[in-house]
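Undergrad: Sequence:
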Amino acid sequence: MSAQPPNPTEISPPLLEWFDRTGRAMPWRETRDPYRIWVSEVMLQQTQVTAVIPYYERFVRRFPSVQALAASTENEVLALWEGLGYYSRARNLHSAARRIVDDHDGLFPTDHAQVLALPGVGPYTAGAVLSIAYEQPLPAIDGNAERVLCRVFGIEGDARRGEARKTLRRLATEAVPARRPGDYNQALMELGSQVCLPDAPNCGSCPLATLCVAVRSNRQHVLPTPRQRPKLQRCYVAAAVLWRRGRVLVARRPSEGVWAGLWELPWMEAGSEIECPDALVPFLRDAFGLRAEGLAPIDHFSYGVMNTRYRAAVYETRHVRGRARPAQHEAVAWRSPTELEGLIMPAPHRRVARRLAR
DNA sequence: AACGCGGGGCA
DNA sequence: TGCCCAGCGTT
23 MSAQPPNPTE
33 ISPPLLEWFD
43 RTGRAMPWRE
53 TRDPYRIWVS
63 EVMLQQTQVT
73 AVIPYYERFV
83 RRFPSVQALA
93 ASTENEVLAL
103 WEGLGYYSRA
113 RNLHSAARRI
123 VDDHDGLFPT
133 DHAQVLALPG
143 VGPYTAGAVL
153 SIAYEQPLPA
163 IDGNAERVLC
173 RVFGIEGDAR
183 RGEARKTLRR
193 LATEAVPARR
203 PGDYNQALME
213 LGSQVCLPDA
223 PNCGSCPLAT
233 LCVAVRSNRQ
243 HVLPTPRQRP
253 KLQRCYVAAA
263 VLWRRGRVLV
273 ARRPSEGVWA
283 GLWELPWMEA
293 GSEIECPDAL
303 VPFLRDAFGL
313 RAEGLAPIDH
323 FSYGVMNTRY
333 RAAVYETRHV
343 RGRARPAQHE
353 AVAWRSPTEL
363 EGLIMPAPHR
373 RVARRLAR
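The opening position of the first sequence corresponds to residue 23 in my numbering, with each subsequent residue numbered one higher.
FYI, nobody ran anything at the bench for these hints, they're computed from the structure.
Accuracy of the hints is not assured; some may be wrong.
Stated by the list, open to error - Each pair of labels, with its calculated beta carbon distance range:
1) Pro145 / Asp321: 40 to 50 Å
2) Glu196 / Glu39: 14 to 24 Å
3) Arg120 / Glu361: 26 to 36 Å
C-beta atoms are modelled at their ideal positions from N, C-alpha and C, and glycine is treated no differently.
Using the sequences provided together with the hints, build the complete structure.
TA: Structure (structure tokens):
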């Protein structure tokens, strides 16, 4: 009962027509400047459009050109990135800007291989920037576009691996039109995010419905084939708010690994639900050389990162003795809740800091 | 509170 | 190819 997949060249005309009619206005759609397109594409990685817009506007106002970005310090860039998360994106953006100035005369490269060689730029970002800014007919397959293509062409199997992956890439490449490839790529992603939704696709208003294998075989809900996902891990953490003269202890993480170089509250991981702060006391002694007493619970919340679900408990005390000396951190500091605003902190720690400032 | 998702670096 | 990185919007 398999419907015939469409010819890849049939996709772009109805899609572009739909995009011209319904495409949303976005600040980075007002420009053909490859630098701005690039900044927007990096910000849009794992972050939604509405969250990106204010960050994008602030960023290009502060750094209007690749030269301005390259001339700044990494810390300035991270400060503007604060709140967007996944800070390696900002570090890569900054280091790539320096490379563009040093090696490419300050012009965003037009050569595909040179673009792919920039830190933080992979197949998606390279295709997006080169197609949108330079009209190069390259595909830009993000998660939304992948879902649309799997449904339209009826691609079975995990599209990230094996035969399905090859098929997807071949058809995606053939489907990119020579004219308006950048608009086509944006249209495909926008269709995925606005119409071809994961759970409840709105096929009635989809410009590709008549071509779509999934629609014609009524398999919208089984395509794309779900990926195998590892089982969810659960973790427990306890964080400490240590007060001294109206300030709390924060520590700067090492420059490698998770949350590299960011400031955080003292915290530890535990194998099971933490019922009492007893485990924190020896931890604070070992990691900071501090003797804490009277830790009392003030907050708890949960957050997830990919495959792990964390349950966090926050304890505070004013009874801390000793001079803080970090064993695993690069630095420690005592900061008032207001001063914490100026530090770059990971999302869960920022949450606690904001609570202290209220 | 549970759930589901993404793109790039790197060995 | 498989792990690492380490957040948020939706339900």
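Undergrad: Against each hint, give a clear statement of whether it holds in the structure.
TA: Hints, verified against the model:
1. Pro145 / Asp321: 40 to 50 Å: Between Pro145 and Asp321, where Cβ atoms are some 41 Å apart, the hint holds.
2. Glu196 / Glu39: 14 to 24 Å: The hinted range 14 to 24 Å holds for Glu196 and Glu39, with Cβ atoms some 20 Å apart.
3. Arg120 / Glu361: 26 to 36 Å: 30 Å, holds
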